[in-house]
Amino acid sequence: MTKVVTDVTCPFCGTLCDDLEITVSDDGKEIIDCQNACAIGSEKFLHVSKEGRVTRPRKRQPDGSYKEISYDEAIEYTAQMLAKAKKTLWYGWASTSCEAMAIGHKVAEKAGTIVDNCATVCHGSSLLAIQDVGVPSCTLGEIKNRADRIVFWGCNPAHAHPRHMSRYSIFPRGFFTTKGHKGRKIICVDCRYTDTAKCADEFIQIEQGYDYELLDAFRTVARGEPIPDVVGGVPKEKIISAVNTLKEGRFGVIFFGMGLTHTLGRNHNIDIAINLTRDLNDFTKFSIIAMRGHWNVTGSGQVLSWQYGFPYCVDLTRRTHARYNPGETSSVDLLRRKEVDACICIASDIGAHFPIEATRHMAQIPSVCIDPHINLTTEISDVHIPVALVGVEVEGCAYRMDNVPIACRKVIDPPEGMLTDEDLLERVYVRLCDIMGDA
Amino acid sequence: MTKKITVNLITCRTIQQGVAMETGKTSQKYYDAVSIIHMHEDDMKKAGIMANTNVRVTSKDGSIVVKAVRTREDLVPGLAHIPMGPWANAIVSAYTYSTGEPCFKGFDVEIEPAENEKVMGAVELVQTLCYGEERKPPARE
Ligand code: SF4
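So the sequences go chain by chain: A and B. Count along the first sequence from 1, then add 2; that gives the number in the numbering used here. Count along the second sequence from 1, then add 2; that gives the number in the numbering used here.
Worth double-checking, as some hints may not be accurate.
[To be verified] Some chain A residues flagged as far from chain B (calculated, every beta-carbon gap over 10 Å):
id : residue
1  : E250
2  : N283
3  : F285
4  : A409
[As the list claims (entries may be wrong)] In the DSBU-like style, the derived pairs of lysine-lysine whose C-alpha atoms are separated by at most 30 Å in a straight line are:
id : chain 1 : residue 1 : chain 2 : residue 2
5  : A       : K5        : A       : K340
6  : A       : K340      : B       : K138
7  : B       : K47       : A       : K200
8  : A       : K86       : A       : K112
9  : A       : K88       : A       : K181
10 : A       : K200      : B       : K5
To be clear, the hints were calculated from the coordinates, so they are not data collected in a lab. Glycine included, each C-beta is placed from N, C-alpha and C at the ideal position.
Construct all of the structure, not just a fragment, from the sequences and the given hints.
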């Protein structure tokens with residue numbers, strides 16, 4: 003008889019859907035079916051039981067091939083590398099649990115490394131803006147139950163957060179939103195007519211890279227001042243009508259994505275989007291939420307913040323105190339300027355998602371990649387340490403994009419003898435303390 | 003003479019890229035979903051590019067061969083899109099203007115037909131760009 007595990011949380015994107023139903027085989031070793039998840043979420047679960055998964059660490063040989071080694075050898079390599087290096091970059095964290103992060107940071111503190119997460123290449127700019135001007139925000143539950151004005155600016159949940167629209171932002175019926183989609187006005191601002199734009203009541207096609215100007219025009223109109231005839235490729239009338247729609251709502255929210263953080267202007271784009279939100283609060287209730295992409299990247303920011311006071315780019319190399327200076331202590335800059343002499347990539351993929359100039363330096367220095375699967379970073383690292391999949395084979399805590407922590411379930415057992423992130427990092431810590439003594 | 007056009011390039015997530023990433027970064031699915039460039043039909047015509055043929059895309063930071071496809075999500079002429087991944091990142095600049103964040107969206111690239119050139123596999127591409135054609139890793143003592 004198969005068994006169904008209910009209320010499972012999906013460990014892929016920042017929406018953290020927690021209503022999945024997973025059917026597992028009799029012996030609890032294999033996933034047979036996955037209900038309620040989107041295409042990406044179900045692939046995540048169904049892929050686990052496929053053949054060809056690496057279950058033991060591998061070390062690169064001089065000819066470029068990889069040879070299986072034991073966990074003990076891999077832990078020894080990692081601890082020795084950390085002890086020897088002057089400045090190690092420890093990047094990633096977004097696909098692991100908050101519990102594992104806390105242990106990892108203990109290791110990082112002991113060794114004196116830089117700790118950085120995926121925000122550095124996605125919503126880092128948003129964090130900078132939030133530190134500058136604050137953020138009027140709310141939870142996704144409030145949006146489902148109250149919001150009647152939804153703005154998607156430079157984000158495409160139809161592709162990046164597939165169930166966001168059906169669970170929270172467009173379609174669901176809530177306490178005060180009993181009419182569902184019919185009771186909401188959806189505005190989408192993008193340089194492409196995306197699949198999200200197709201669901202919107204109003205699509206505003208902006209010229210790529212003119213977000214700051216257009217947001218400025220929105221603010222100006224909200225304050226009743228005149229604007230030019232066309233801003234960022236958008237006619238004045240369209241801007242005025244959009245602002246009026248927003249003002250007339252009872253509860254509105256702006257969701258923004260990498261269309262703002264990845265273009266020129268970066269944190270300034272977010273800064274002005276937050277200020278527009280503030281202005282709209284003179285007329286009605288408005289909130290703003292970053293569409294955090296990678297599963298628990300928000301959690302990494304949370305754990306780093308409560309431990310060190312900063313959400314990413316944390317420099318622990320001084321040992322006496324934490325430093326934070328994006329642009330200097332950020333992964334891409336450190337690699338581009340060749341300022342680090344060792345690298346650990348955990349639960350993320352530098353090889354796939356960093357510009358090649360940064361990746362190239364990572365490929366030259368001693369490196370360890372901790373990831374359940376083979377990815378592009380494992381193939382340019384000295385050692386690859388596979389671990390059990392958090393949210394599928396290990397339980398743990400993760401934060402949703404609106405900073406709500408959610409406990410994630412374990413659905414099946416990891417392959418025989420496979421370590422979890424927590425076990426692995428704890429063992430690295432013990433070995434590192436042995437090597438370094440009280441230093 | 004081959005024709006060249008200059009367009010503004012953005013790199014973004016697509017659901018196909020998201021699903022394929024979970025199938026595995028070394029899978030055929032990932033290769034098919036990510037080693038492509040979405041182009042507007044007018045731009046394709048201008049550069050003499052047939053849909054589903056290979057093109058060379060060159061920025062000031064690098065050059066890459068990918069397959070040109072017609073876009074589903076309508077682009078405007080002059081704007082092209084490569085899904086996020088190693089092919090896109092071969093031409094994205096690592097310069098961050100002191101923000102920590104590279105400019106993944108909005109930089110000029112030249113596109114030209116390259117029907118006879120090959121689109122490299124993901125691992126092959128990253129290893130070649132990091133270690134050169136022989137893909138030999140650095141020696142360790
Ligand atoms: S929307 Fe995100 S969290 Fe929900 S099932 Fe899809 S990938 Fe998982």
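How the hints compare with the structure:
1. Under the 10 Å C-beta cut-off, the non-interface status given to E250(A) relative to chain B holds; the minimum distance is some 29 Å.
2. Once the 10 Å rule is applied to beta carbons, N283(A) is consistent with being away from chain B; the minimum gap is 27 Å.
3. Every Cβ of chain B is farther than 10 Å from the Cβ of F285(A); the closest lies at roughly 31 Å, confirming the non-interface assignment.
4. Consistency note on A409(A): stated as away from chain B, and its beta-carbon is indeed over 10 Å from all of that chain's, at 22 Å minimum.
5. Between K5(A) and K340(A), the direct Cα distance comes to roughly 51 Å. Violation of the 30 Å bound is thereby established for this hinted pair.
6. For the suggested pair K340(A) and K138(B), the alpha carbons sit about 20 Å apart, so the restraint of at most 30 Å is met.
7. For a cut-off of 30 Å, the pair hint linking K47(B) to K200(A) stands: about 26 Å separates their Cα positions.
8. Simply put, K86(A) and K112(A) have alpha-carbon atoms about 12 Å apart, close enough for the 30 Å limit, and the pair holds.
9. Using a Cα cut-off of 30 Å, the hinted pair K88(A) and K181(A) is violated, with the two alpha carbons roughly 60 Å apart.
10. This hinted pair does not check out: K200(A) and K5(B) have alpha carbons roughly 34 Å apart, beyond 30 Å.
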